[in-house]
Amino acid sequence: MIRKSISKQAPTGFPSPVGAWIDRYRHDGGLRQYVVYLAFALILATFSILLHDDGFLSSSNLLNIGRQAAPIAVMAVGMAFALAAGEIDLSVGSVVALSSLVAAELVGNYGFLAGALAALGASALVGMVNGLISVKVRIPSFLVTLGMLGIISGIARNWNDLQSLPIRNDRFSGIFGAGGLGPASSLLIWIVIVGALGHFALHHLRWGRHVLSTGADRDAANAVGINTARVKISALVVSATAAGFAGILLAGRLSIGRHDLGEDYLLTVIAAVVIGGTNLFGGRASILGAVTGALIMAMLNNGLILMGLEVADQLIARGVIIILAVALSMREAKEA
Amino acid sequence: MSSAPALVASGISKSFRAVQALDDVSIELHRGRVTALLGDNGAGKSTLVKCISGLYQPDGGRIFIEGTEHRISSSRHARELGIETVHQTLSVIDPLDVAENLFLNREHTRGGWLGARIGLLDKRRMRKECADTLARLDIRIPSLRRSVGSLSGGQRQAVAIGRAVSWGQQIVLLDEPAAALGVEQTQRVLDLIINLRDQGVAVLLITHNMDRVLAVCDQAVVLYQGRKCAEVNVADVTKDDLVSYITGARTTD
Numbered sequence: 001m002i003r004k005s006i007s008k009q010a011p012t013g014f015p016s017p018v019g020a021w022i023d024r025y026r027h028d029g030g031l032r033q034y035v036v037y038l039a040f041a042l043i044l045a046t047f048s049i050l051l052h053d054d055g056f057l058s059s060s061n062l063l064n065i066g067r068q069a070a071p072i073a074v075m076a077v078g079m080a081f082a083l084a085a086g087e088i089d090l091s092v093g094s095v096v097a098l099s100s101l102v103a104a105e106l107v108g109n110y111g112f113l114a115g116a117l118a119a120l121g122a123s124a125l126v127g128m129v130n131g132l133i134s135v136k137v138r139i140p141s142f143l144v145t146l147g148m149l150g151i152i153s154g155i156a157r158n159w160n161d162l163q164s165l166p167i168r169n170d171r172f173s174g175i176f177g178a179g180g181l182g183p184a185s186s187l188l189i190w191i192v193i194v195g196a197l198g199h200f201a202l203h204h205l206r207w208g209r210h211v212l213s214t215g216a217d218r219d220a221a222n223a224v225g226i227n228t229a230r231v232k233i234s235a236l237v238v239s240a241t242a243a244g245f246a247g248i249l250l251a252g253r254l255s256i257g258r259h260d261l262g263e264d265y266l267l268t269v270i271a272a273v274v275i276g277g278t279n280l281f282g283g284r285a286s287i288l289g290a291v292t293g294a295l296i297m298a299m300l301n302n303g304l305i306l307m308g309l310e311v312a313d314q315l316i317a318r319g320v321i322i323i324l325a326v327a328l329s330m331r332e333a334k335e336a
Numbered sequence: 337m338s339s340a341p342a343l344v345a346s347g348i349s350k351s352f353r354a355v356q357a358l359d360d361v362s363i364e365l366h367r368g369r370v371t372a373l374l375g376d377n378g379a380g381k382s383t384l385v386k387c388i389s390g391l392y393q394p395d396g397g398r399i400f401i402e403g404t405e406h407r408i409s410s411s412r413h414a415r416e417l418g419i420e421t422v423h424q425t426l427s428v429i430d431p432l433d434v435a436e437n438l439f440l441n442r443e444h445t446r447g448g449w450l451g452a453r454i455g456l457l458d459k460r461r462m463r464k465e466c467a468d469t470l471a472r473l474d475i476r477i478p479s480l481r482r483s484v485g486s487l488s489g490g491q492r493q494a495v496a497i498g499r500a501v502s503w504g505q506q507i508v509l510l511d512e513p514a515a516a517l518g519v520e521q522t523q524r525v526l527d528l529i530i531n532l533r534d535q536g537v538a539v540l541l542i543t544h545n546m547d548r549v550l551a552v553c554d555q556a557v558v559l560y561q562g563r564k565c566a567e568v569n570v571a572d573v574t575k576d577d578l579v580s581y582i583t584g585a586r587t588t589d
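Protein chains in written order, with the working numbering: chain A, 1 to 336; chain B, 337 to 589.
What the hints contain is simulated information worked out from the structure, not anything from laboratory work. Cβ atoms here follow ideal geometry from the backbone N, Cα and C, with glycine treated the same way. Check before you lean on any hint, since a few could be wrong.
Here are some, though not all, of the chain B residues that point toward chain A, as calculated from beta-carbon distances under 7 Å [as the list claims (entries may be wrong)]:
| id | residue |
| --- | --- |
| 1 | 412 |
| 2 | 436 |
| 3 | 440 |
| 4 | 441 |
| 5 | 443 |
| 6 | 457 |
Kindly produce the complete structure, drawing on both the sequences and the hints.
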């Protein structure tokens, strides 16, 4: 019945924007695409009520959540591209530390811009090596980046004998974390900038469409002449570079570079991306979802602490949430 | 020159280790005609298509397009020469919408030189041209903005064929385009093939379904164990004749 009425519609007309949106909404997963935003609202409401007396809704606490979310959100945007291309980047946490150390090493002598650019460059290089090895030697990226995680962590530990490197540069700290524009923390501004850039690249650049195509069906993408090897390498470069920028934001906020910055971010970032509607196995990505997922993770972290949970309990709660998110993601993949 | 066949593949051989997949097979495709490529599983049909579409390099033989000899080095090269292949499975990208699929890897960009460098998509223009192409082929899709993954099997195959044609290709190779489609959807794909033929495209159709051969094909080439065992005008044969060629019971050579 339904199919018949569809086939009798006018051939490929231009429906109104609203009509097109409703059509897409009905056929491209319905409410499921918006689960992350509903979850965000639900968790926000729950904590607002439960933790009202603990000051959860105070502007200083909300700002705190935003600050904590910033590096996670930036990494999540990068990771969304790696996952969308059908790869995964487990080395991101170590790249955060490497980037903070490179920046701290160079900012003093060469200025904030050179320090930041060198940190991004070093991170991009790590991503390039990840990509080249996994694509050219045909080793799954989870193994390559797992090895790279060890290598970079080791380098970061040796860098200054486990000691932190101080950053004494007000411009660096101001632009990348401690400062702000009026009431808005620079970290929040960076979330918006990176999220907007990622969304734009995914939806309005040829590259974004090719990343999705490569992750959805590599053979089909190859068949239309897309250089899927290059696309996969570029996605891993983007992921590592984003992690490097997260390292700069942490270094800016704390005014140090240190070997253990970002160490425990990996699971949080992957959870944020997957909760946000990006498929763990490629072909579907949402940048706004990833950023919202990062906000959810930061909010959970903050709320669990305010509730008085021990670190051990926080770990358990986060683990449960991650498994639930992945389970949801896989169920959708099967249905599709 | 214009009287030369759209494509001539002559004496094509291809072996994989000890297996001779194709042995001295020749085939001609003509503008405005549909040629069936028949044969049992493993007879070499897909290997021949892959040799023509640049995915395989034949060990021997020559390929002429519009009378000029070419060595087809890749699927990209084949496409530049005007050959488009719709594979049985390698077809469309589910998460992309209809227009994005139609223009995949030859996207229109806007914003001048810089826009072309960074690949800034001109979505409006692609949707417009997509609508024109689909209308010309009488392909009906509910919305160009819908992801292809949400379309029916027949609609997805129509998008894949529409893409082949929208590249402006003159030679279209179809590998079992109606496999796994329902009756009504299959009919729409057959209508589409007839439509291509009427627009002067040279079509090669791989199929196992003899009714489809009789319905839309002008000539048929039959492979048996890597060799061409028959080449016939479809109007001159019956379904039983075709089947006996395919099973190797008879040959025309």
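Do the hints match the structure? See the list:
Satisfaction of the interface hint for residue 412 of chain B is found here, the shortest Cβ-Cβ separation to chain A being roughly 4 Å, below the 7 Å cut-off. A distance limit of 7 Å between C-beta atoms decides the matter here; for residue 436 of chain B the minimum to chain A is near 6 Å, and the interface restraint holds. Interface restraint check for residue 440 of chain B: the shortest CB-CB distance to chain A comes to about 5 Å, inside 7 Å, so the restraint holds. About 5 Å separates the beta-carbon of residue 441 of chain B from the nearest beta-carbon of chain A, less than 7 Å, and the hint is met.
With its C-beta approaching chain A no nearer than about 5 Å, residue 443 of chain B sits inside the 7 Å limit, and its interface hint holds. The restraint placing residue 457 of chain B at the interface with chain A holds, with a minimum CB-CB distance near 6 Å, inside the 7 Å limit.
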